[in-house]
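One letter stands for each residue in the lines below.
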Amino acid sequence: MAAAAPTDTPSTGPDWPLAIYEALKSADVRQLCYVPDAGHARLIRLTHDDPAIATTVLTTEEEGVALGAGAWLGGQRAVLLMQSSGVGNCVNMFSLLASCRFPFLTFVTMRGEWAEFNPWQVPMGKATQSAFEIMGVTVFRMERPEDAGEIAAAAATLAFDSDQPIAVLISQRMIGAKKWTENK
Amino acid sequence: MSAALDRRAAVKALVAERGDLLVVSGLGSSSYDVFAAGDHPANFYLWGAMGGAVMIGLGLALAQPSRPVAVITGDGEQLMGLGSLATSAAKKPKNLSIVVLDNAHFGETGMQMSHSGLGVSLEQIASGAGFRSVSTILDHAALQAFRPKLRDLAGPHFAVVAISTDHVDRALPPRDGVFLKNRFRSHLGFSVS
Numbered sequence: 000m001a002a003a004a005p006t007d008t009p010s011t012g013p014d015w016p017l018a019i020y021e022a023l024k025s026a027d028v029r030q031l032c033y034v035p036d037a038g039h040a041r042l043i044r045l046t047h048d049d050p051a052i053a054t055t056v057l058t059t060e061e062e063g064v065a066l067g068a069g070a071w072l073g074g075q076r077a078v079l080l081m082q083s084s085g086v087g088n089c090v091n092m093f094s095l096l097a098s099c100r101f102p103f104l105t106f107v108t109m110r111g112e113w114a115e116f117n118p119w120q121v122p123m124g125k126a127t128q129s130a131f132e133i134m135g136v137t138v139f140r141m142e143r144p145e146d147a148g149e150i151a152a153a154a155a156t157l158a159f160d161s162d163q164p165i166a167v168l169i170s171q172r173m174i175g176a177k178k179w180t181e182n183k
Numbered sequence: 000m001s002a003a004l005d006r007r008a009a010v011k012a013l014v015a016e017r018g019d020l021l022v023v024s025g026l027g028s029s030s031y032d033v034f035a036a037g038d039h040p041a042n043f044y045l046w047g048a049m050g051g052a053v054m055i056g057l058g059l060a061l062a063q064p065s066r067p068v069a070v071i072t073g074d075g076e077q078l079m080g081l082g083s084l085a086t087s088a089a090k091k092p093k094n095l096s097i098v099v100l101d102n103a104h105f106g107e108t109g110m111q112m113s114h115s116g117l118g119v120s121l122e123q124i125a126s127g128a129g130f131r132s133v134s135t136i137l138d139h140a141a142l143q144a145f146r147p148k149l150r151d152l153a154g155p156h157f158a159v160v161a162i163s164t165d166h167v168d169r170a171l172p173p174r175d176g177v178f179l180k181n182r183f184r185s186h187l188g189f190s191v192s
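Keeping their order, the protein sequence lines are chains B and F. So in numbering that gives the first Met the number 0 the end of the first sequence lands on 183, straight run, no missing numbers. So in numbering that gives the first Met the number 0 the end of the second sequence lands on 192, straight run, no missing numbers.
So that you can see chain F by itself, here it is in the shape it has in the complex:
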């Protein structure tokens, strides 16, 4: 995959005019990208739990079936939780979308080439898991065409967005997990215990 969208611009476009979208971001650059697009109480940024982003999104989607849920994560984070694609495809939550920002590298750890850079197709894995909605996004036109799916409640959707390996400055969301959890739950109207 040699195409190269700017990751910040891509994520900003994805979450623009987000409405009631709930967002879980995978640890590392995906969390920075989602934060840089605009902090929001309905964002839950992961700073750890590598491989768990999709499962957090699935639990959230099952609990809030009328709200669209987007998991925005990276190829490395997703590769660590490939089983979660099988689990979520089997569960078929219509309100869940999984967007993998794929630069084919492990960006947080020194830009080693990832499995997707070595030929592994996350799209084919998702298709084989049972996702019927699988998209490969190589340019802004495709990104804009995909955007409505994030909120159409006709999922689950799986998309790979080809992003550039170009360096972008870090944009660091809050790291206090209790704060992020309580803020998120308060946004949904749940009391903070």
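Only chain B is shown next, with the shape it has when bound in the complex:
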């Protein structure tokens, strides 16, 4: 099992999951929820190791939209990590953000847009940005590891200080090719 686990950091370039983590710490994010994803694995580990951040693993992505709303009601800032395939699961729950003007911040690792070997990932990968935008969520693209900290910090400010719903799409090219089979 462990041998088949994909690498979760790019082989070169800045440590962008750490940069996102540090930006979230600076923004006083206290809850992080996620549907597991290899691209997010390092950020998930960093937050699990941080007693100041409550981490919650979800069964489906829309749970995280509601969890973040509850956190905000209780005075805390929350972030949702997911994969592009999960964005479609959230569409109705996004109405909560518009109806109540809840802040919302999610980081989405992209599938189906760059060197994708699984065609079943392509339809939702192509629809991810539009799915956010039809529900009023502002979308940023993270294309280069060296921009990760700055984009994460700007997104957090816009979300939590201006009560905006924000999604940061992390490009599949940036995450790096995922190894799907052992010893290949």
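Now the stretches of chain B that chain F is said to cover, found in silico as 3 or more residues with beta-carbon under 8 Å:
1. 50-56
2. 59-71
3. 74-83
4. 94-100
No lab work stands behind these hints, which were simulated from the structure alone. Positions of the beta carbon are idealized from the N, C-alpha and C atoms, including for glycine.
Fit chain F to the supplied structure of chain B, relying on the hints for placement.
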């Protein structure tokens, strides 16, 4: 489940002398019931986000660990978010209680029979998810016995309250989500941005 508590009386009893209890109500009749029991700034009434009531309660409970949080919702709303029972059981927030008002029907949409009316046991699902405190409430005595659990911080608790399908008049809480959010946060001492 053929027993039948009056839903309004049941909810009124649950939130009576509420103290510092924070309440999230699921969309539809549960929100009407909580409002009819007495409007309160520590009530957050959902008018949408079906299936999300427990997760809002969980996020709130994690943010406010010293305050008891009750989610009061219906069987239909809970059935749409069954995964949230797994998520919250795994997280084990001691200050969260989930109360499902179960009339075995989808009351908002024409009283079609729900899965609980067709044999699905929400209690067994909650038990299987990992809730160790699971209650089935069939009468007022059981309801009164359960009430202290809402505030004992020894949860998470899960309870199903068998309610009647009898019609009750609607009692409509405010629908402005921004107002409800700001009122709730102000009650907890947070500034309105």
